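Trainee: Listed below are the residues making up each chain.
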Amino acid sequence: MDVKAEILGSYNAKVFKNRKDHILRINKAEAENPEIAANTRAIPGIMTNRGCCYAGCKGVVVGPLKDAVTITHGPIGCGFYSWGTRRNKARPDEDGRNFIQYCFSTDMQEPDIVFGGDKKLRAAIREAMEIFKPRSILICSTCPVGLIGDDIHSVAAEAEREYGITCVAFSCEGYKGVSQSGGHHIANNGLMKRIIGSNDLAPTGKYPVNLLGEYNIGGDGWEVERILRRIGYDVVSVFTGDGSVQAISRAHTATLNLVQCHRSINYVAEMMKTAYGTDWLKVNFIGLKSISGSLRNLAQYFGAEELMERTEEVIAGETAAIADDMAFFREKLQGKTAALFVGGSRSHHYQELLSEYGVSTVLAGYEFAHRDDYEGREIIPAIREDADSKNIEQAEIMKDEKRYRVFLSPQRYEELKNTIGLEDYKGMIRDMPDGTYVVDDLNHFETGVFADLLKPDIFFSGIKDKYVLQKGGTLSRQLHSYDYSGPYAGYKGAVVFGRDLVMGLQAPAWGMVSPPWKINAEKSAAEGQRDSHA
Amino acid sequence: MLDLTPKEISPRNALRINPCKTCQPVGALYAALGVRRCMPHSHGSQGCVSYHRSLLTRHFKEPAIAASSSFTEGASVFGGGANLRTAVKNIFDIYDPDVIAVHTTCLSETIGDDLSTIILDMQVPEGKVVVHANTPSYVGSHVTGYANMLAGFIRYLARGESSSGGAAAVLPGFLNPGDLRELKRLLKLVGLPFVMFPDQSGVMDAPMTNTYEMYPQGGAAIEDIRALGSCAKALALGFFACAEPADVLEKKCKVPNLVLPLPIGIMATDELVMAAAEAAGTQVPAELEEERGRLLDLMLDANPYFYDKKVAVYGDPDTVAGLTGFVLELGMRPAYVLTGTPGEAFTRGIDAQLERFGVKGCKVKAGADLFELHQWIKNEPVDLLLGTSYGKQISKAEDIPLVRAGFPILDRYGHSYMPIVGYRGGMLLAEKIAGALMDRQDRDAADEDLDVVM
Numbered sequence: 001m002d003v004k005a006e007i008l009g010s011y012n013a014k015v016f017k018n019r020k021d022h023i024l025r026i027n028k029a030e031a032e033n034p035e036i037a038a039n040t041r042a043i044p045g046i047m048t049n050r051g052c053c054y055a056g057c058k059g060v061v062v063g064p065l066k067d068a069v070t071i072t073h074g075p076i077g078c079g080f081y082s083w084g085t086r087r088n089k090a091r092p093d094e095d096g097r098n099f100i101q102y103c104f105s106t107d108m109q110e111p112d113i114v115f116g117g118d119k120k121l122r123a124a125i126r127e128a129m130e131i132f133k134p135r136s137i138l139i140c141s142t143c144p145v146g147l148i149g150d151d152i153h154s155v156a157a158e159a160e161r162e163y164g165i166t167c168v169a170f171s172c173e174g175y176k177g178v179s180q181s182g183g184h185h186i187a188n189n190g191l192m193k194r195i196i197g198s199n200d201l202a203p204t205g206k207y208p209v210n211l212l213g214e215y216n217i218g219g220d221g222w223e224v225e226r227i228l229r230r231i232g233y234d235v236v237s238v239f240t241g242d243g244s245v246q247a248i249s250r251a252h253t254a255t256l257n258l259v260q261c262h263r264s265i266n267y268v269a270e271m272m273k274t275a276y277g278t279d280w281l282k283v284n285f286i287g288l289k290s291i292s293g294s295l296r297n298l299a300q301y302f303g304a305e306e307l308m309e310r311t312e313e314v315i316a317g318e319t320a321a322i323a324d325d326m327a328f329f330r331e332k333l334q335g336k337t338a339a340l341f342v343g344g345s346r347s348h349h350y351q352e353l354l355s356e357y358g359v360s361t362v363l364a365g366y367e368f369a370h371r372d373d374y375e376g377r378e379i380i381p382a383i384r385e386d387a388d389s390k391n392i393e394q395a396e397i398m399k400d401e402k403r404y405r406v407f408l409s410p411q412r413y414e415e416l417k418n419t420i421g422l423e424d425y426k427g428m429i430r431d432m433p434d435g436t437y438v439v440d441d442l443n444h445f446e447t448g449v450f451a452d453l454l455k456p457d458i459f460f461s462g463i464k465d466k467y468v469l470q471k472g473g474t475l476s477r478q479l480h481s482y483d484y485s486g487p488y489a490g491y492k493g494a495v496v497f498g499r500d501l502v503m504g505l506q507a508p509a510w511g512m513v514s515p516p517w518k519i520n521a522e523k524s525a526a527e528g529q530r531d532s533h534a
Numbered sequence: 001m002l003d004l005t006p007k008e009i010s011p012r013n014a015l016r017i018n019p020c021k022t023c024q025p026v027g028a029l030y031a032a033l034g035v036r037r038c039m040p041h042s043h044g045s046q047g048c049v050s051y052h053r054s055l056l057t058r059h060f061k062e063p064a065i066a067a068s069s070s071f072t073e074g075a076s077v078f079g080g081g082a083n084l085r086t087a088v089k090n091i092f093d094i095y096d097p098d099v100i101a102v103h104t105t106c107l108s109e110t111i112g113d114d115l116s117t118i119i120l121d122m123q124v125p126e127g128k129v130v131v132h133a134n135t136p137s138y139v140g141s142h143v144t145g146y147a148n149m150l151a152g153f154i155r156y157l158a159r160g161e162s163s164s165g166g167a168a169a170v171l172p173g174f175l176n177p178g179d180l181r182e183l184k185r186l187l188k189l190v191g192l193p194f195v196m197f198p199d200q201s202g203v204m205d206a207p208m209t210n211t212y213e214m215y216p217q218g219g220a221a222i223e224d225i226r227a228l229g230s231c232a233k234a235l236a237l238g239f240f241a242c243a244e245p246a247d248v249l250e251k252k253c254k255v256p257n258l259v260l261p262l263p264i265g266i267m268a269t270d271e272l273v274m275a276a277a278e279a280a281g282t283q284v285p286a287e288l289e290e291e292r293g294r295l296l297d298l299m300l301d302a303n304p305y306f307y308d309k310k311v312a313v314y315g316d317p318d319t320v321a322g323l324t325g326f327v328l329e330l331g332m333r334p335a336y337v338l339t340g341t342p343g344e345a346f347t348r349g350i351d352a353q354l355e356r357f358g359v360k361g362c363k364v365k366a367g368a369d370l371f372e373l374h375q376w377i378k379n380e381p382v383d384l385l386l387g388t389s390y391g392k393q394i395s396k397a398e399d400i401p402l403v404r405a406g407f408p409i410l411d412r413y414g415h416s417y418m419p420i421v422g423y424r425g426g427m428l429l430a431e432k433i434a435g436a437l438m439d440r441q442d443r444d445a446a447d448e449d450l451d452v453v454m
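From first to last, the protein sequence lines stand for chains A and B. Mapping the first sequence onto my numbering, position 400 (from 1) lands on 400, and the numbers just tick up by one. Mapping the second sequence onto my numbering, position 426 (from 1) lands on 426, and the numbers just tick up by one.
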């Protein structure tokens, strides 16, 4: 059965033409690493799961910075919807500044739209200063702000002069780009141009690293930091889960950037390489093999004997500590199948962990990824720019002569590119076996068809799909919010993940959905049929 | 929790902190989900509808469908007409609804897309309908968005020459499916033939069957909405959510209306019951009177635990008005009553209720936010919070019990099935409030003071 053909057969000509290149059925004999269409406009009227530029900028990258007052400049909705809904956990540092529980908005009204909203934004900043005296204020704009032409960047510059704070504005109007992805890029640009590199306080540890693209959903970042610290790394900053403007201002003092979510943060990694010479390494802290592999690569990078030894010790200890639990849940999950539709990294990251539980992935897709997330970074030069991607600024970054440092010899750098995949990401498709499906920007209709025809035991997606799938009899777990559980990262997270899947599959209610009188009626109908045949 | 909120209150005119409202489009979307085989459609960038569907799903724990015009920068400059035409074609092709209910956003309103004209010039398949409402996010709140979508449907569809057989039109405010089921039961008991619009029951509380129905059995049918125009009378429940659409119905089809408060608590429910009985020409049935009596019995039984307890009520204006009325009837003392939705009518209404019960010194505010409520509480605490999930932060910070009621409730299950309207809803609510207050009393009691019998 070809699900792709089923789906495309239901579409009108224009939708067919668009969607056919976003859906792949893997056939290695035909193509080892086939091309997929990605990061293109969603079709009006099609129930896409995608969000907007603001959601990517404020909701994903900027919002988790806990020591900043992040003001949404716009009508109330956007600020409200991104208030406490993503589970990017944060604890206050010693200074007690944690604004994560708060929602700040200029709550623009009609006169602000007609006469301009910059006055209100200025007043809002003044009020924030009076009440909270923050060291930084971040401003995120919403759709109408760009249309009416409020100059939020000069308001931010004024605020810096007047109050002596860091104030950065992000022009992340919802209509920019084609998904959240444009917003990630805009956020990356702002952090790079205005915050990273502004504080030269040297790291205290011997092996200083930054953790990029880790948003501490359900406490993931804390579990990863726990492991890194056990081995002896100094985590200078995290982008941006439980992160702070204070910490990322020092990010350039770290030796290496670890990139967890490639899609949302690879721009910072690249720009820091240009400006400060910081190398980056793609890591994955989901699933035992991936974690251990990432840790070994990391130790290889620094090349210190003590690190390599300690790494093996920690891997052995952590793995042994969870072995019984893993085996217990594996026994219950063995042979199940899963579909994954998440943002721009998790659909790849979780396949390894699932396979460690004996669960095979039959469908994987990204909501807002680019072709490189599917096909690997080597195709980046081949990606055609279109009108929408051109609208997202490519920040011009210069080498910072004063702060530029090279850690590896050119020879070692080349060697590590080959051995540990330094500064590379191979994408998801290569890891997908024959017969599986890869779908970009999976929509409501396609989700239903895949669920009906592939019948995965577990469908990982988001809140908008969850009950669509559950109503149809498929266990659905949110892989954005972890259904209010977690962490799923790291060794301990792997066990929590396994427990949650077993919990979901074993819910007694699944077995009671068909009422006994219906089952009886079906039985007697079947018996009646047998009798009449006899 | 909320450690940075100072006790000292400084004047604030520009910075909204911890809002107690959201934007119009999500209210419009929810209203449209109360129409059978309807696809709500957001004319804006796709982030809006992603947020709205998420919020509604998190509150109802049900799928919330809606499509988007998916504006890009180009559409924002040149207008979204082409996007809407493409969207409507695709929606009818792929999702096959009977009606598409388009609402605008701050984006499409700012660029000035004229939806009436775009829809008028559009090709709509035979037997299908496209309606719209203007819901700029920089005006009102989700509650006015709900009202505007009701008005939009009525403008497009209600017909004076339709046949409703003398039924009453019932326009319910922003309520849960459980409330709507209770309302319908109550009206049936009174014997009033009625047409209810919108009606999210059956849609936003669909049963688990192992089959996903994109358009579950529920909602007001297009015929029902047409028939509103020939109803003998309209009962509009909730001033903020329903007065405007009732007015539009009156102007368009000359259906006289009666705007009633949401029937929360004894007196507001009495008002509805009497209005319904009068419209139906019936006597209030004994069964309902007994129900009322049982609620009163509970109120008297538990009176010592309610009496003079200070309560903060916050949320949507019509809901808060109803809840305030009920806590007054229980003998509690509202200390703070607020809504994020702007409108002087709110404060006037609440002040009148307080006066009727002789309660003084209560702070009442429309267009307020939860940061301000928290500051008030820091200066003068209360015994109970009554409102939405976002109050849980204050509840934790100040160690004050919270009873959840209203929209949104994002952190509990089952609430959308349980009514707060009618005598039965009152009973459920009173039981919850008493439980919260008595749990607190038990928790705080010294061992020697812990009573097994209370």
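It should be emphasised that the hints constitute simulated quantities derived from the structure, not laboratory data. On a predicted model such as this, the values are computed, not experimentally measured, just so you know. Just so it is clear, CB atoms sit at the ideal spot from N, CA and C, and this is done for glycine as well. It is possible that part of the hints are untrue.
[Stated by the list, open to error] Short derived list, chain A residues pointing at chain B, Cβ under 7 Å: (1) Cys52; (2) Tyr54; (3) Gly77; (4) Glu110; (5) Gly116; (6) Lys120; (7) Glu127; (8) Met129; (9) Ala323; (10) Ala327; (11) Lys471.
[Unchecked claim] Using 30 Å as the maximum straight-line C-alpha spacing, the simulated DSS-like pairs for lysine-lysine come out as follows: (12) A:Lys336 x B:Lys396; (13) B:Lys432 x B:Lys365; (14) A:Lys119 x A:Lys193; (15) A:Lys14 x B:Lys7; (16) B:Lys89 x A:Lys89; (17) B:Lys396 x A:Lys89; (18) A:Lys492 x B:Lys396; (19) A:Lys20 x B:Lys89; (20) B:Lys7 x B:Lys392; (21) A:Lys206 x A:Lys273; (22) B:Lys128 x A:Lys332; (23) A:Lys133 x B:Lys7; (24) B:Lys128 x A:Lys14.
Trainee: For every hint, state whether the structure bears it out.
Mentor: Checked hints:
1. Cys52: holds (2 Å)
2. Tyr54: holds (6 Å)
3. Gly77: Holds - the Cβ of Gly77 (chain A) comes within 7 Å of chain B, reaching about 3 Å at its closest.
4. Glu110: With a closest approach of 5 Å, the Glu110 (chain A) hint holds.
5. Gly116: violated (12 Å)
6. Lys120: Since the shortest Cβ distance to chain B is 5 Å, the answer is holds.
7. Glu127: With Cβ-Cβ at 4 Å, under 7 Å, it holds.
8. Met129: Nearest chain B Cβ about 10 Å off; hint violated.
9. Ala323: Given a least distance of 35 Å, the restraint on Ala323 (chain A) is violated.
10. Ala327: violated (32 Å)
11. Lys471: holds (4 Å)
12. A:Lys336 x B:Lys396: violated (41 Å)
13. B:Lys432 x B:Lys365: holds (25 Å)
14. A:Lys119 x A:Lys193: Status holds; Cα separation ~25 Å.
15. A:Lys14 x B:Lys7: violated (59 Å)
16. B:Lys89 x A:Lys89: Answer violated: Lys89 (chain B) to Lys89 (chain A) is near 42 Å, above 30 Å.
17. B:Lys396 x A:Lys89: Roughly 17 Å separates the two Cα atoms, so the pair holds.
18. A:Lys492 x B:Lys396: holds (28 Å)
19. A:Lys20 x B:Lys89: Since the Cα atoms of Lys20 (chain A) and Lys89 (chain B) sit roughly 19 Å apart, the hinted pair holds (cutoff 30 Å).
20. B:Lys7 x B:Lys392: Satisfied, since the Cα-Cα distance of roughly 18 Å is no more than 30 Å.
21. A:Lys206 x A:Lys273: Within the cut-off at roughly 20 Å; holds.
22. B:Lys128 x A:Lys332: violated (49 Å)
23. A:Lys133 x B:Lys7: holds (15 Å)
24. B:Lys128 x A:Lys14: holds (21 Å)
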